[in-house]
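Student: Listed below, chain by chain, are the residues.
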Amino acid sequence: MFIVKHRNVFFTISALATLAAIVSIAVFGLKLGLDFTGGTLIQATYAGGRPAPEALTRSLDAAGFSGYSLREANTEDYILRAGNLTPELRENLPSILSPEGSNPAAIGQLTEVGPTIGLELRNKALIALGLVLLCILLFIAFAFRKVSQPVSSWRYGLIALLTLCFDVIVPVGFFAFLGYAVGIQVDALFVTAVLTILGYSVHDTIVVFDRTRENLRINHDRNRKEPFEEVAGRSLNQTFVRSINTSLTTALVLTVLFVLGPESTKYFALTLLVGIITGTYSSIFLATPLLVAVEKWRKNRKK
Amino acid sequence: MWQKRAIALVILVVGAGIGWYVYSSQVDASRPFKLGLDLSGGTQLVYRAKLDAIKGSDVADSMASLRDTIERRVNLFGVSEPIVQTEHAGTFAGTSEERLLVELPGVTDTQKAIALIGQTPVLEFRMLKEGAETSATASSTVNELFEPAAITGKDLKSAELQFQGGAGQLNEPVVVLHFNAEGARIFAELTKNNVGRTFGMFLDGVAISTPVIREAIPDGTAVISGSFTPAEAKELARNLNYGALPVPIELISTQTVSGTLGEKAVQDGIMAGVWGVGAVILFMLLWYRLPGLLAAVALTLYIVAMLALFQLIPVTLTAAGIAAFILSIGMAVDANVLIFERMKEELRGGKSAADAIRDGFARAWPSIRDSNISSMITAVILFWFGTSLIKGFALVFGLGVLVSMLTAISVSRTFLLALDMQAKGGFTRFLFGSGTSST
Chain A
1 MFIVKHRNVF FTISALATLA AIVSIAVFGL KLGLDFTGGT LIQATYAGGR
51 PAPEALTRSL DAAGFSGYSL REANTEDYIL RAGNLTPELR ENLPSILSPE
101 GSNPAAIGQL TEVGPTIGLE LRNKALIALG LVLLCILLFI AFAFRKVSQP
151 VSSWRYGLIA LLTLCFDVIV PVGFFAFLGY AVGIQVDALF VTAVLTILGY
201 SVHDTIVVFD RTRENLRINH DRNRKEPFEE VAGRSLNQTF VRSINTSLTT
251 ALVLTVLFVL GPESTKYFAL TLLVGIITGT YSSIFLATPL LVAVEKWRKN
301 RKK
Chain B
1 MWQKRAIALV ILVVGAGIGW YVYSSQVDAS RPFKLGLDLS GGTQLVYRAK
51 LDAIKGSDVA DSMASLRDTI ERRVNLFGVS EPIVQTEHAG TFAGTSEERL
101 LVELPGVTDT QKAIALIGQT PVLEFRMLKE GAETSATASS TVNELFEPAA
151 ITGKDLKSAE LQFQGGAGQL NEPVVVLHFN AEGARIFAEL TKNNVGRTFG
201 MFLDGVAIST PVIREAIPDG TAVISGSFTP AEAKELARNL NYGALPVPIE
251 LISTQTVSGT LGEKAVQDGI MAGVWGVGAV ILFMLLWYRL PGLLAAVALT
301 LYIVAMLALF QLIPVTLTAA GIAAFILSIG MAVDANVLIF ERMKEELRGG
351 KSAADAIRDG FARAWPSIRD SNISSMITAV ILFWFGTSLI KGFALVFGLG
401 VLVSMLTAIS VSRTFLLALD MQAKGGFTRF LFGSGTSST
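Chains as they are written, first to last, in our numbering: chain A, 1 to 303; chain B, 1 to 439.
Heads up, a few of these hints could be off.
Derived DSS-like pairs: lysine-lysine, alpha-carbon spacing no greater than 27 angstroms straight-line [what the hints assert, rightly or not]:
1. A:K31 x B:K391
2. B:K55 x B:K234
3. A:K266 x A:K146
4. A:K225 x A:K303
5. A:K266 x B:K234
6. B:K264 x B:K112
7. A:K266 x B:K112
8. B:K264 x B:K391
9. A:K296 x A:K225
10. B:K192 x B:K157
11. A:K5 x A:K266
12. B:K34 x A:K266
Non-contacting residues of chain A with respect to chain B, defined by C-beta distances greater than 10 angstroms in every case (computed) [as the list claims (entries may be wrong)]:
13. G48
14. P53
15. A63
16. R71
17. T75
18. G101
19. I117
20. V147
21. I169
22. Y180
23. D221
24. T265
These are calculated hints, taken from the structure and not from any lab test. All C-beta atoms in this analysis are idealised placements derived from N, C-alpha and C, irrespective of residue type, glycine included.
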């Protein structure tokens, strides 16, 4: 099995991806969205072409907006992000957003989140993340509860957990980059996507490892000698078509959802897509090679 | 064998029946899908109740009465199918908040919606126009029947609950209004000049009491004696004294989505769904051939069953919910992939098609169960902790995991067995084969 044989190539790729993700998070940082910080998001649509940004900026400044960000969206829209609105600002919004009286703005979407709700949501997201991690840890422990030879169960579990970290770091890093490139912000849906990825991709890794353990058991029962490297490679061989195909069907619908789907779930679909591709990659190209490498290293040390 | 085929036929017929039900109920709009505000367009307002002045034991009562008051006001506004509900929010730091959630479908003017909810009740005094009949005091005809009186709610100093023992009736609860000095003067004048006419008192435009003025009232008090229960009279007096609401509220979040934006989201969602299903079915047919066709049938049954559940439960669909449904379509065939791959392995091992089907199902089952468990864990936690947006996703996602497990396993299994593949010939092997050469 070439994946196991050339595992150093894939370790390099994985390490580079992890490094890129970490650098991206460190340099660009994650931009917390409205959901978590509180504030206002307004989508204004101008049916006959939007006004120049300078005109709109002047109008916003004159009305008393400060610390806002204005971004063009689609072909006729502006997205305005600002702090919480005063009642006067809210009331005058349509006229403030229409600096050229002849082409008034239609407010497509107005979302305001108070600071307390933002804080609450942040807490909730952290707790949900913690709980999902805990449950998945228990799930891994349960999946590898049977003692196995020659590699003990907890090593499988630890490596499954490691690949899971990889599955989370890469999409988050990708998102930090997207935040820098196109101004995407991390919202409640992003957290939901990450948690969904955790639940979905942990399983692929477990399946490959289960097959390895099954083949080891069969070899043991039949008194057949086969190097661990080959057993692991053979197991990977037996499972990688199903790993790819299950992810492929999911990736197909997510791609369609990203390209054709509603505006509000576009980046949600993209996060899921990146996460599922990462998860599939890690369960095929990272988990088993890691297992083989750890096993080799342990054996060499014993000698 | 014939038994298996009969079951397969029954499944198909039931599926077609549910499909027809879903389709026809959309066509004649007898049971349309429930759409969330982000798809139908409308405004959601979230308020925090300021409960500082309210005893712990009275909180539930106060919140209920707050909800009723706001609901009355919203109904008065003519919003169709509004949702007004209270919500208890824990913030995990030992503190908790009582909130009021107001959803106004179709209202896309945020400021107007806020003004509607936040206003204090308007107490008005009006005189019945000369010659008009008192019997017709429905709110729609208020302006036709009544003209504003010289006195207004601003002239009110306080209101109190009293029990009045009239002749024949004992201890009827009434609300006594005390006007301020200016009000007392105007009221004395008004009653002196209009003896015999009907005087109306209106709260938020609804007539509460329409007594006939019998004599001049010089002392600046008026009595509202509707057919109150003591509780109603108490509430009215309180409302008049302390303003609109039993509990002061503070706006903490708003969300408004225009109808056009919502409509576009629905169309995009349907488009993505149709193309997504098409892509998945095409892939399954190309890769798995005959079993792929059965997986497509199972997937169709899954979609129909989910749509029917959306209507029957009913599930309020949001953009996140639609995303969850489309995601679940991609995941629903996962079980089929696991089964078919295992089946192919069994075939390569030299088993007959029927044996391969049976063993393939049996061996794939633990894997299918585990993968659904790990997805279910996420769905439950998300539903538990999520905001309404995430709850919408988690509910559809969790439901999808459960239903797809049922359709992918039982339905495809029944169909595969019903086909009764006994032959060991090359053609059967072709039908069950796939893109990978056997190793």
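Student: Compare the structure with each hint and give your call.
Tutor: Hint check:
1. A:K31 x B:K391: holds, 23 angstroms
2. B:K55 x B:K234: holds, 18 angstroms
3. A:K266 x A:K146: With a Cα-Cα distance of about 42 angstroms, the restraint between K266 (chain A) and K146 (chain A) is violated, given a limit of 27 angstroms.
4. A:K225 x A:K303: holds, 19 angstroms
5. A:K266 x B:K234: violated, 53 angstroms
6. B:K264 x B:K112: holds, 24 angstroms
7. A:K266 x B:K112: It is violated: about 31 angstroms lies between the C-alpha atoms, which goes past 27 angstroms.
8. B:K264 x B:K391: Cα-Cα ~22 angstroms, so holds.
9. A:K296 x A:K225: holds, 16 angstroms
10. B:K192 x B:K157: holds, 21 angstroms
11. A:K5 x A:K266: violated, 39 angstroms
12. B:K34 x A:K266: holds, 22 angstroms
13. G48: Nearest chain B Cβ is 15 angstroms from G48 (chain A), so the label holds.
14. P53: holds, 22 angstroms
15. A63: Holds, because the least Cβ-Cβ distance between A63 (chain A) and chain B comes to about 15 angstroms, which exceeds 10 angstroms.
16. R71: Check passes; 17 angstroms lies beyond 10 angstroms.
17. T75: holds, 14 angstroms
18. G101: Given a closest Cβ separation of 19 angstroms, the condition holds.
19. I117: violated, 5 angstroms
20. V147: Check passes; 18 angstroms lies beyond 10 angstroms.
21. I169: holds, 18 angstroms
22. Y180: Y180 (chain A) clear of chain B: closest Cβ-Cβ about 25 angstroms, beyond 10 angstroms.
23. D221: Answer for D221 (chain A): holds, closest chain B Cβ roughly 17 angstroms.
24. T265: It is violated; T265 (chain A) is separated from chain B by about 4 angstroms at its closest Cβ, not greater than 10 angstroms.
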